[in-house]
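Quick one: dock chain against chain with the hints and give me the complex.
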Amino acid sequence: MSVPHFRRVAAIALAAGLGLGLAACSTKGDDETDAAGKTIITVDCQPVGAQKNLLQAWNDDVKAFEAANPDIKIKSVSVGTQCANPPDFTARLNGGSMTDVFYGYMTDVQQVIDSGQAMDITAYANKDNIPTWDDVLADAKNTFTKDGKVWGIPTKNYSMGLVYNKTLFAKAGLDPKSPPKTWAEVREAAKKIAALGDGVAGFGEYSSGNTGGWHFTAELFSQGGTPVTADGKKADFNNDMGKKVLQNLKDMRYTDNSMGSRQLLGWGDLLTLAGAGKVGMFVGAPDATTAIVTQFQGKYEDWAMGPMPGQDGPAKGTLGGGEGYFFKAGLSEDQIKAGLKWLAFEKLTPGKGQFDYARAKSLNEQVGLPQPQLFTPGSASQKAEFDLRKANGNIAPEDFAAFENNPVAIKFEPANAQGIYAILDGAMSAILTNPNASVDEELKKAEEKVNQLLAQAAK
Amino acid sequence: MAIATVPGAGIDVGSQAPPPAADPRRARRNRRIKENLTGYGFLAGAVLCFAFFSWYPMIRGIVMSFQRTRRGETTWVGWDNYDRIVNDPSFWTAWQNTLYFTVLALILGYAVPFFLAVLLNEFRHAKGYLRILVYLPVMLPPASALFLFKYLAYDPSDAGLFNAILKAVGLPTSQWMQSTDMTMPAMVLASTWMNMGGAVLIYLAALQNIPGELYEAAELDGAGIWRRITNVTIPQTRLILSLMAMLQVVATMQLFIEPLILANGAGTQDSATSVVYLIYQHGFFQNDLNGAAALGVIMLVALIGFSAVYARLNAKQD
Chain A
4 MSVPHFRRVA AIALAAGLGL GLAACSTKGD DETDAAGKTI ITVDCQPVGA
54 QKNLLQAWND DVKAFEAANP DIKIKSVSVG TQCANPPDFT ARLNGGSMTD
104 VFYGYMTDVQ QVIDSGQAMD ITAYANKDNI PTWDDVLADA KNTFTKDGKV
154 WGIPTKNYSM GLVYNKTLFA KAGLDPKSPP KTWAEVREAA KKIAALGDGV
204 AGFGEYSSGN TGGWHFTAEL FSQGGTPVTA DGKKADFNND MGKKVLQNLK
254 DMRYTDNSMG SRQLLGWGDL LTLAGAGKVG MFVGAPDATT AIVTQFQGKY
304 EDWAMGPMPG QDGPAKGTLG GGEGYFFKAG LSEDQIKAGL KWLAFEKLTP
354 GKGQFDYARA KSLNEQVGLP QPQLFTPGSA SQKAEFDLRK ANGNIAPEDF
404 AAFENNPVAI KFEPANAQGI YAILDGAMSA ILTNPNASVD EELKKAEEKV
454 NQLLAQAAK
Chain B
560 MAIATVPGAG IDVGSQAPPP AADPRRARRN RRIKENLTGY GFLAGAVLCF
610 AFFSWYPMIR GIVMSFQRTR RGETTWVGWD NYDRIVNDPS FWTAWQNTLY
660 FTVLALILGY AVPFFLAVLL NEFRHAKGYL RILVYLPVML PPASALFLFK
710 YLAYDPSDAG LFNAILKAVG LPTSQWMQST DMTMPAMVLA STWMNMGGAV
760 LIYLAALQNI PGELYEAAEL DGAGIWRRIT NVTIPQTRLI LSLMAMLQVV
810 ATMQLFIEPL ILANGAGTQD SATSVVYLIY QHGFFQNDLN GAAALGVIML
860 VALIGFSAVY ARLNAKQD
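So the protein sequences, as listed, match chains A and B. Residues in the first sequence are numbered from 4 upward in steps of one, following this note's numbering. Residues in the second sequence are numbered from 560 upward in steps of one, following this note's numbering.
For reference, chain B alone in the conformation it holds in the complex (with noise of 0.2 Å):
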């Protein structure tokens, strides 16, 4: 039971009594605190690197797309730069350009790692060997291997390398970036050449993590390979497969170094223009750093609403 004391009415308890207690709440923060400096240091750290590096450059961004610099004096225009985005030339086509990467990169990027992984899971021998050459050419400095394609894959002459195999297998050889139909393929094949080594990597530790018993249970029911790729391998990684496949439309969507190094930007016809080389165009070729920031908020907010819908369907699904 607490004794209620009132100043100046309580008892006296003079000198010989223990110092006041501190607030035993904040006593208990402070030492929180002190627990948990070493963990605050950390964070303050990566809060700043964020802070600095991606927050305030994406709000500053977003600032931008509403203002309009002209002579050094900023003023805000209100939508005015989404609307000549929008007008731009080249903006559906670099929309319809990017949508059609991305889809080609689902069918091709996407699925090529995945089964490489399983194939790679199954080898008995030469395991690490074979895991070094899938990683190999994400070693490659991306630039170095896209002008690689450029100059030796895609020359559109005999002399190129495809062409000179498809020639000596008896089919028709092809213009590579000089045709609007083979542009989007080409750059496709170059990307997932480039990136797949990261992906098999993290598929082939999502396959290494399935228990052996349900590959087993699953022989003993007399099941195939491609029953047990479709019954224990696909279910058993469909977390990190759906994770992949948010990430893999993020980054595809952000397409820019194919076209600028394989099409040199536009490519045939705007065939290669995508929306984020068309960021880089309004940016840093017509001046219009604004208009950019508009076009690349309209890009963030579509990224956004995708990885939103994605989440809800995902969560659905569980």
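Chain A extracted, bound-state conformation (with noise of 0.2 Å):
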């Protein structure tokens, strides 16, 4: 081929190929059922190929359900280890590009029906679909009903506590079973396992990527506190309780210099100090001990937990939340069956998914964590998962004893939570880096912001 001839073959093949590459972009592929005429459903937050043992037991779930429905076929994707991390969710919401049936957390709800992208669910979210739904706590369904509509399933829960380190309780001459109940008893508890040196800090806390605001909300209900008027109009964090919180952490980072000096932490950060055993207590939930483990190369030994502290007494609350399954708008009702299935079958049957707790514990998986709580105290798959738990449990019952025996009112996020938390942020990063901050000054900087945010939101 002469150089002039190739040179417009290749570039009327380039045009035509971008074209052709554009327009398949543009083309939606997924099919409601294959040649078979099987039903497809996609499905996200399959575990990702690091989380081996995780993986292998979801592949093994979808060959068992596949076989007992042999009328659905589910294609599963990974969409990382942090199934809806904020900016990717956001960006596959937005971009439409989810899944048939799609991971997320309950605070995502209005952003899910805002985006118009889901779908209400309300007609198919029945016991015909899922045995066990009328066992399944009220206010974890709740959290995904909006004006009497169901938007979604869900799948797991949480609420915070204080999570320690139970190896280092024991060096700094603490009692490992007995974790501070008070936010004294923190400070006092911090002191000594700071003392160790060696680069340990006695207590540590979030104050970057919207971290900081989202842990502030949750020691300001442990106050009695709420970020929030009820009417959601106004900010309500500048006040005693408030003052408190960052009291608390500016008493323990600058007058104990029990926090270490490396601050600014986000998720990541914090957790990867708990993997390498250089923080002895942070609020967190009890699947922050799986995570420090299965992605911090922590050791489920060292980490147990207690009931999140209160200022004098046993909290007044504490923050909790949870994730669960949306379906994608424009679904076939096969489909949407299809996937309430699924999601009966992988999250919500004890014995069966993630209640499957003699697969976990022979793939040395932890079982035992007192969460998730999914079904409501005393129904048949509540006993039913609780006797699988304690027959299967390889972690200790009584490090997660104080926790679990010790509930306390469990509060959810605000509405503009993220821009609340983002705002926030800036208050704990000032307690947390500058000695000279003052309290009264950042609420009150904090607030103002707030108030603003709130204001331009109800526009």
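By construction, these hints were calculated from the structure, which means they are not laboratory data. One thing to keep in mind: the hints can contain errors.
[What the hints assert, rightly or not] For lysine-lysine, the following DSBU-like pairs were computed, each having C-alpha atoms within a straight-line distance of at most 35 Å:
hint: 1; chain 1: A; residue 1: K149; chain 2: A; residue 2: K169
hint: 2; chain 1: A; residue 1: K184; chain 2: A; residue 2: K246
hint: 3; chain 1: A; residue 1: K152; chain 2: A; residue 2: K281
hint: 4; chain 1: A; residue 1: K281; chain 2: A; residue 2: K340
hint: 5; chain 1: A; residue 1: K281; chain 2: B; residue 2: K686
hint: 6; chain 1: B; residue 1: K875; chain 2: A; residue 2: K195
hint: 7; chain 1: A; residue 1: K195; chain 2: A; residue 2: K144
hint: 8; chain 1: B; residue 1: K686; chain 2: A; residue 2: K174
hint: 9; chain 1: A; residue 1: K447; chain 2: A; residue 2: K237
hint: 10; chain 1: A; residue 1: K194; chain 2: B; residue 2: K726
hint: 11; chain 1: A; residue 1: K152; chain 2: A; residue 2: K447
hint: 12; chain 1: A; residue 1: K462; chain 2: A; residue 2: K236
This is the structure:
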């Protein structure tokens, strides 16, 4: 082929290829059924390759489910270890590139509804499609319900408490079976742990990437406070309770020097320190211990959990949350039913999927955590799940006994949570990085900004 | 002289006449199209790429900035998104931080690569080795380079690399990213280290185009190195310097990855919040893509304005 001719062909091929490529991008590739007439659904949050055991368990479950339901085909999609990392999740949601049945946090419900990408599944969320549906906690179901319409199926829930390193407790002369129950006790314990030296912080806390505001809110709940007024129109943390939250942290950081020099920590930073055995305590949910081990090279035997500390006695509240699955708008009835069937199998049946404790134990996964607690206490499903957990538990029950035996009222995140958290990060980072920062001034600044944010959001 | 023929009244040329000649203009056009087919083919690829990946998103962004989408329904809301975004508590802080970063980056990130290029140009030995050394950081993925700075260099304890050096020479240590005063200088330092390799190579190319006779003449006139730089090097590279300044400002105004990695986003007390990070916050954390689009348009207008003024000032100088 002569050079000019080759060039011409190349140019035309390039233009045509590009056009076809672009056209292909805009083509919807999802099919409702395959050639054999099976209903196909795509489902995300398949564990990633690095999570070998979890991935194997998921794939085995898919096989078992398809064998039991020969008319359904599951296509699994992995979207990272943190299945609903906010920026990725928002991008997928607004780009309409979610799977048919897609994972999301409880706090994503409004965003999912606003995007118009999910469907109302009220007519299908029932015992016919999910046999244990009536046993699922009403609170958990309510978090995925707006204005009487069901938008998602809850599959996990959590509440926060005090996660602590038993090994460091023992080294510091503290009783690993008796975690601190008040912030004053946390402060004392933190001092002793920090005194171990070697870069160990007694207490770790977030202050960036919106996680500082998230934890401020959790600790404000423990004081009996709430970040916004009941009508959601004004900030409600510039008060004695908000001041105590920041003052406790400031005292630990600068008066006691028990929080280490590294601050401005985000989610992964703190868990990295925890995995390395460099932090004695932090506020978190039971599954934080799973993350420490499976993602941050920690050891299960180091970790235990107590209730959320209160100011002068038991905490007056703690932050709760959870996760679930939504259904992409436009699915056929068969696809919705297939999706619900899969969720029932994988997430909401004692002895199967996430509640297959016998398998988890055989894979050396942590069994016996007090959460998720998805079923109503006293219901048949709850009893079955509890019995299985007890029979297969491979963690010392006493490690989580203090958390489990001292339940704290669960409070949920406010509307516009991420915007509020971003602002409260400022107050948290000021208190933890600037010895001269004033608690009063930081709260006042944050209050003004949150009021401004809420006023704008209401427009 | 042309013979005018009227149909039916002219000479009957019969079947022996040659076929009527095609319109010469059309023939020329067809020939030109044929000849340029390759060009049009390549152009179509580029135009399609730009159209789909640059112009369409840009226009879509502008349209979105005047809309609001709720529950899948999109409505026109006029200037509401602009009103909301301008009243965002971090709006002015983000602009202040971004401008501060841009000014610092101009002082450090613009001057250092130029003088480094001049220095490298003076070397007679190990030229290739030194150039590779300078360019090496550019090959490191930006995220990896920034994590190195975050965990190794900017560790606020005495174990941090920079603090250890400061301590060794008897200087006070710094809190680096945990200090509101040091956040921006630290980000500029990391950014300059990461990016200067490319600029150095461009300056080096420009320096090597300067005729050697000019330097010889300057030397004969007794000019020292400083005079040679100010009277020969800078005037001879003015065009490239001017272009790089504009590109530098446009690039640094779009500050994002440095605050995201070094400061986990906003940094201590909002000291790292940049305009692009605020766009990211609105778009991906606050579920406010329309507000994010409005801020993106504001930034686009600001950069177009800057570029236009800069180009005009440059044209006047010429």
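Hinted pair K447(A) and K237(A), Cα distance within 35 Å: With a Cα-Cα distance of about 13 Å, the restraint between K447(A) and K237(A) holds, given a limit of 35 Å.
Pair hint outcome, K875(B) versus K195(A) [Cα-Cα no greater than 35 Å]: 69 Å, violated
Restraint check for K462(A) with K236(A), where alpha carbons must lie at most 35 Å apart: 11 Å, holds
Proposed proximity, K281(A) with K152(A) (alpha carbon, max 35 Å): 46 Å, violated
Straight-line alpha-carbon gap K195(A) to K144(A), limit 35 Å: Measuring from Cα to Cα gives roughly 43 Å; hence the hint is violated.
Restraint check for K194(A) with K726(B), where alpha carbons must lie at most 35 Å apart: 27 Å, holds
Distance restraint between K184(A) and K246(A), which requires alpha-carbon spacing of 35 Å or less: Since the Cα atoms of K184(A) and K246(A) sit roughly 19 Å apart, the hinted pair holds (cutoff 35 Å).
Straight-line alpha-carbon gap K152(A) to K447(A), limit 35 Å: Violated, at about 38 Å.
Restraint status (C-alpha distance of K281(A) to K340(A) at most 35 Å): Cα-Cα ~47 Å, so violated.
35 Å Cα cutoff - pair K149(A), K169(A): Given that 35 Å is the threshold and the Cα spacing comes to 42 Å, the pair is violated.
Agreement of K281(A) and K686(B) with the hint, judged by alpha carbon distance not exceeding 35 Å: 46 Å, violated
35 Å Cα cutoff - pair K686(B), K174(A): 57 Å, violated
Checked against the numbered hints given earlier, this structure breaks hints 1, 3, 4, 5, 6, 7, 8 and 11; the rest are met.
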